[in-house]
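Residue numbers (my numbering), protein chains in the order written: chain A, 14 to 598; chain B, 3 to 98.
Keep in mind that the hints were calculated from the coordinates and are not lab data. Treat the hints with care, as some may be off.
[Claimed, not checked] Facing chain B, from chain A, some residues (calculated, C-beta under 7 Å):
{"no.": "1", "residue": "28"}
{"no.": "2", "residue": "30"}
{"no.": "3", "residue": "32"}
{"no.": "4", "residue": "117"}
{"no.": "5", "residue": "121"}
{"no.": "6", "residue": "377"}
{"no.": "7", "residue": "379"}
{"no.": "8", "residue": "381"}
{"no.": "9", "residue": "408"}
{"no.": "10", "residue": "462"}
[To be verified] Non-contacting residues of chain A with respect to chain B, defined by C-beta distances greater than 12 Å in every case (computed):
{"no.": "11", "residue": "207"}
{"no.": "12", "residue": "238"}
{"no.": "13", "residue": "407"}
{"no.": "14", "residue": "514"}
{"no.": "15", "residue": "546"}
Note that the coordinates shown come from a computational prediction; the quantities given were computed from them, not determined experimentally. Even glycine gets a Cβ: it sits at the ideal position worked out from N, Cα and C.
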Amino acid sequence: MVAKALFKREEELARVYGTRKVDVLLQSLRCPECGAEGLRRRRYVGMGYGDVAAVEKRMLQAIARRFDSSCRKCETGKLQGDGRAHMYALYSDAERSHLVVHLGLTREDDGRVRVRRRCWIVPLDGTSQPIEEDDERLHAWWLESRVRQALQLRDEASVRKAFVQLADQGINTGLVLREHAHFLLESGLNAEALAIMQKSLAEDPEQPELLRRAALLYAGYGNPGAAADLFVRAHDLIGGDTVLPDLIRAAYQARRYGMLQVAADQLLERDPENLLALKALVCCQSASRIRSLQGAWQSLARAAEAAGDRTSAHAGRRWSEMLGSAIPDWEASLSARAYARSLAESLENAGCDVETSPSPLIAGDANIPCDLEFTTPEGDRYVVFLIAGQVRTHVERTLRAAFAALAADPERTGARPLPLSVQPLPWAIMRYAAGDSVAALDLGLDADTTLSAHTENIATMLWAAERYFGMLLDFTPDSLRDVDAILERYHESGLGSAGFPLQCAIASYVGEVVLREVEGAAWKDGDAEMDPRLIQLPGGGEVNVLGKIGKYLRNGSEDSVYHFATTAIELADSAEPTDSGGGAK
Amino acid sequence: MSVERTETIDAATARDGYAVLSIHQFDDWEPADERVEQLRHKLATYERFLATPRYLAHFHALPVRIELVTSSPPPEEVRRICRQWNVELSEPVDDE
Numbered sequence: 014m015v016a017k018a019l020f021k022r023e024e025e026l027a028r029v030y031g032t033r034k035v036d037v038l039l040q041s042l043r044c045p046e047c048g049a050e051g052l053r054r055r056r057y058v059g060m061g062y063g064d065v066a067a068v069e070k071r072m073l074q075a076i077a078r079r080f081d082s083s084c085r086k087c088e089t090g091k092l093q094g095d096g097r098a099h100m101y102a103l104y105s106d107a108e109r110s111h112l113v114v115h116l117g118l119t120r121e122d123d124g125r126v127r128v129r130r131r132c133w134i135v136p137l138d139g140t141s142q143p144i145e146e147d148d149e150r151l152h153a154w155w156l157e158s159r160v161r162q163a164l165q166l167r168d169e170a171s172v173r174k175a176f177v178q179l180a181d182q183g184i185n186t187g188l189v190l191r192e193h194a195h196f197l198l199e200s201g202l203n204a205e206a207l208a209i210m211q212k213s214l215a216e217d218p219e220q221p222e223l224l225r226r227a228a229l230l231y232a233g234y235g236n237p238g239a240a241a242d243l244f245v246r247a248h249d250l251i252g253g254d255t256v257l258p259d260l261i262r263a264a265y266q267a268r269r270y271g272m273l274q275v276a277a278d279q280l281l282e283r284d285p286e287n288l289l290a291l292k293a294l295v296c297c298q299s300a301s302r303i304r305s306l307q308g309a310w311q312s313l314a315r316a317a318e319a320a321g322d323r324t325s326a327h328a329g330r331r332w333s334e335m336l337g338s339a340i341p342d343w344e345a346s347l348s349a350r351a352y353a354r355s356l357a358e359s360l361e362n363a364g365c366d367v368e369t370s371p372s373p374l375i376a377g378d379a380n381i382p383c384d385l386e387f388t389t390p391e392g393d394r395y396v397v398f399l400i401a402g403q404v405r406t407h408v409e410r411t412l413r414a415a416f417a418a419l420a421a422d423p424e425r426t427g428a429r430p431l432p433l434s435v436q437p438l439p440w441a442i443m444r445y446a447a448g449d450s451v452a453a454l455d456l457g458l459d460a461d462t463t464l465s466a467h468t469e470n471i472a473t474m475l476w477a478a479e480r481y482f483g484m485l486l487d488f489t490p491d492s493l494r495d496v497d498a499i500l501e502r503y504h505e506s507g508l509g510s511a512g513f514p515l516q517c518a519i520a521s522y523v524g525e526v527v528l529r530e531v532e533g534a535a536w537k538d539g540d541a542e543m544d545p546r547l548i549q550l551p552g553g554g555e556v557n558v559l560g561k562i563g564k565y566l567r568n569g570s571e572d573s574v575y576h577f578a579t580t581a582i583e584l585a586d587s588a589e590p591t592d593s594g595g596g597a598k
Numbered sequence: 003m004s005v006e007r008t009e010t011i012d013a014a015t016a017r018d019g020y021a022v023l024s025i026h027q028f029d030d031w032e033p034a035d036e037r038v039e040q041l042r043h044k045l046a047t048y049e050r051f052l053a054t055p056r057y058l059a060h061f062h063a064l065p066v067r068i069e070l071v072t073s074s075p076p077p078e079e080v081r082r083i084c085r086q087w088n089v090e091l092s093e094p095v096d097d098e
């Protein structure tokens, strides 16, 4: 009978490493002098087995081995490997069980040793049971053993070849492909890993962790639609609330508001004060149900207040207040013009002073129309923007330009923008409309967006960091932690964004930190449309600071600018100096 | 320049203080289902273009219009997409 207590630790390791858990031999050592026995645990890495006999061969080699250590009991005899019981444990993730090959040694009177071999399956959290050596289930262990063997080959080419060989032999299960994909991910070959992951999921669709990792990759590649689909599948398999925040982010970025609402509702069922879910809920609402939208903002304001998130609390209070005016529901059948008439009538009945033909806002050479302007009996002045269709990126940009023009309009000092739409509005637009200081900075900031006049951008960044975030940036690599903190304020758990001028101001500062640390590094023009300006390192590497800032805003702290820049600095430091003396400092 | 070329930007100009991205469809809209699907893809391409540093470096502060210029009357589904996406539709005027 296999003592299950011995496998507690093995089970814990199996849960962490899955297929990759190394083999373990629990070997009974014997003192020939006093006869005492004790267990020794030995790890075997990268062993490939095809049957029980091969495992036994490995065990017998260990049993025959000589040991230098002495018996702790009598302190005289040198230990020998041929104690009474030996167990070799191989793990299979597919079967979620260890296979234990047990060798029992008995000594005959004539000195000969008899070996008895038995096999057991020890499931995680289950009861061990004997298994015949020709049982077909054992194929799972032999296969995973070969996968571990392939992964043990250190160089990329050999591992690739080993996986190709497995595939050629028709061994192309979801599990093999999954491990191949994980290997590629560790090697930084993300695109290739994603392709293999998809193949693995086609073979075995019920791999929640793989679904989640593939979804994160898609999200990182800016394909939130595919990411959201995979997160939903992972959530269906795992349940709980571990996947829901990721799903909310992906659904929001893909503008899949039905999915967003479902994910937010589910998260709120578990945690009614969850700020991400409450923000997502606000994003799902529209002017077709004003009271519902106002209620969502009020809930957010209360939860944000309790959590100490002053920015979200401010947005919640401001929107509740704005929607407290006599604003009727925007019936989906009404055009923007018809709704404007209905809105004007309702506001006039409530004692507001309404201008139904307001002058357009002036943004440079552009006249941006607005739909209505009104002043409440309390003296609050609003400029209304009605959006009938979806608020796609170009509409968002136009609204942003209009809000900036409104803030700079001397004729409309103190007037607040009030965007209303029958479709959900992006979080950033609602933040701009709420007018908190961090959003106002983003809206009003000017910077050189060709990333050529860095001095001006850096001055802007230093001023903004001190004025709005209370941070004194000192050009040290450590100050990039503060930059991360600023970006976090705009990331807002994946719902936020930041305007391009602010991104450029931050990029100029981060670039300056790198330039000060790495002698010979310099800004240069990039080639691709996504990389307008890069930092060329003396060792030949390139650093796309602006791209990294965009990634942080999309993905959050996993794309830390601090880690990115310090890694670049370390890499440059470790590079060989060039002949011209332009090497890393 | 047509909706068939789903991955290209037909025209991006600054006009009256706006950044104007145009889609030109000078051929007819047959087969309609295919053209409609291509239009959706093309609009997604335009949306991605609006987020590129190359675009933002020059036009980030400008309000944006997307217009669809067509020389033949589009199917109803195209009109619906234009309303949904807030795309301005410019089509031939019938003088009769």
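Tested hints:
no. : hint : in the structure
1   : 28   : 41 Å, violated
2   : 30   : 39 Å, violated
3   : 32   : 38 Å, violated
4   : 117  : 67 Å, violated
5   : 121  : 79 Å, violated
6   : 377  : 5 Å, holds
7   : 379  : 3 Å, holds
8   : 381  : 5 Å, holds
9   : 408  : 5 Å, holds
10  : 462  : 5 Å, holds
11  : 207  : 19 Å, holds
12  : 238  : 10 Å, violated
13  : 407  : 4 Å, violated
14  : 514  : 7 Å, violated
15  : 546  : 8 Å, violated
The earlier numbered hints that this structure contradicts are 1, 2, 3, 4, 5, 12, 13, 14, 15.
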